[in-house]
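*Asks:* With the hints as extra help, turn the sequences into a complete structure.
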Amino acid sequence: MKYEKNELIFQHDVCLQTANSFGIKAQAHRLLVIDSVQQLIALYEAFQHDDELANLPRLILGGGSNLILSDFLPHLVLKVAIKARELIVETSDQFIVRAGAGENWHEFVQWTLAQGYGGLENLSLIPGTVGASPIQNIGAYGVEMQDRFHSLTAFDFVTGALKTFDKAECAFAYRDSNFKSSEPNRYLIVDVTFALPKQWQANLGYGDVAKYLTDIGITQPKPLDVSAAIIAIRQSKLPDPAKIGNAGSFFKNPIVSAELREQILQKFPQCVSYRQTNGSFKLAAGWLIDTCGWKGRSVGPVGVYEKQALVLVNLGGATGAEVRALAKDIQRTVFEQFAVELEVEPVFV
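For what it's worth, the UniProt record's numbering labels the leading residue of the sequence shown as 1, then goes sequentially.
Hints in this document: simulated from the structure, not taken from any laboratory. The structure presented is a predicted model; accordingly, all values stated were derived computationally and were not measured. Hints are supplied without guarantee of correctness; some may be wrong.
Computed spacing ranges between beta-carbons, pair by pair [said to hold, decoys possible]:
#1 27 / 214: 26 to 36 Å
#2 242 / 91: 20 to 30 Å
#3 347 / 162: 21 to 31 Å
#4 259 / 217: 41 to 51 Å
#5 25 / 90: 40 to 50 Å
#6 265 / 150: 36 to 46 Å
#7 267 / 54: 26 to 36 Å
Yeah, the Cβ is synthetic: ideal placement off N, Cα and C, and Gly gets one too.
*Replies:* Printed below as a string of structure tokens:
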């Protein structure tokens with residue numbers, strides 16, 4: 001059912017199965033598609049005169065690739081659909097480009113590469129939208145979104161005004177930002193601006209990327225070559241959400257002390273780890289989960305992907321509660337085996 005209120009078109013009791021990559025049949029109390037700043041202003045004004053609307057819990061929804069939804073959401077779901085792609089300015093050493101928050105992330109990355117702007121290629125094929133990328137500071141293959149971040153514009157539901165955030169104000173951390181941990185759903189990101197280097201250098205720190213390029217005879221890769229390699233690698237390891245419901249990497253790679261890492265190596269010398277600048281070590285969560293025997297296993301309609309233990313999949317009809325239960329079982333098993341606490345990447349709503 002649809003109805004209009006203050007010139008805003010709300011949808012009532014909406015199924016979100018196709019709006020979240022895990023494919024959970026969640027039902028939203030109300031949904032509003034946001035494709036302009038003017039709509040946000042009108043919504044803020046509506047809040048001032050409609051207590052029922054203003055008091056609904058808000059959920060800001062991008063591509064739905066980092067959410068695990070409950071069966072019913074008593075929320076006002078704001079589906080972000082703001083589109084734009086543009087070169088803002090070209091300096092002596094950078095291309096400054098901006099994208100609307102509702103742009104598909106991978107399509108935006110491919111657009112930058114087609115324009116000759118390198119820098120985002122290592123983040124190819126990450127699901128979701130541009131507006132979601134700063135929220136959890138997406139990253140892959142040695143590059144994080146913050147490495148190319150310039151600024152963003154967000155609408156503040158407290159003040160009813162737009163605000164520009166620089167890098168420091170976003171408080172980026174590993175798969176985190178103040179938008180995710182400090183003030184979730186206060187701000188709706190409208191657009192994100194990136195600074196892409198003219199003096200481009202390939203980031204091939206992850207061995208499988210370098211090996212892939214070497215195997216196909218590319219010794220001096222260009223940005224498009226790196227992107228193509230990463231797309232091929234990701235497709236070989238990760239399931240397509242359009243075919244198998246999933247939220248991508250489900251657990252963060254844990255950071256542990258040198259002492260704990262040494263204890264693990266004494267029992268498991270093959271443990272995969274990466275030294276950090278502060279002397280700690282990042283462990284491969286997928287390896288920990290695989291070593292505990294979870295890869296390919298399922299519990300009811302939720303399973304661990306057979307090709308990558310870091311990914312949980314919807315085998316058909318999974319609920320948010322069932323996903324949470326399996327995640328907790330995996331966390332418990334890994335802690336019992338390695339004394340390592342795994343942290344979930346997606347947000348449970």
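*Asks:* Within 21 to 31 Å: is that where the Cβ-Cβ distance between residue 347 and residue 162 falls?
*Replies:* This hint holds: roughly 24 Å between Cβ atoms.
*Asks:* Would you say the C-beta atoms of residue 25 and residue 90 sit inside 40 to 50 Å of each other?
*Replies:* 47 Å, holds
*Asks:* Can the suggested window of 20 to 30 Å be confirmed for the beta-carbon pair residue 242 and residue 91?
*Replies:* 39 Å, violated
*Asks:* Using the beta carbons of residue 267 and residue 54, state whether their distance is inside 26 to 36 Å or not.
*Replies:* 55 Å, violated
*Asks:* Take a look at whether the Cβ-Cβ distance between residue 259 and residue 217 falls inside 41 to 51 Å.
*Replies:* 44 Å, holds
*Asks:* Look at the Cβ atoms of residue 265 and residue 150 and judge whether their distance stays inside 36 to 46 Å.
*Replies:* 40 Å, holds
*Asks:* Please test the hint of 26 to 36 Å on the beta carbon pair from residue 27 and residue 214.
*Replies:* The hint (26 to 36 Å, Cβ to Cβ) is violated, given that residue 27 and residue 214 are roughly 50 Å apart.
Going down the numbered hints, you'll see the structure goes against 1, 2, 7, while the others check out.
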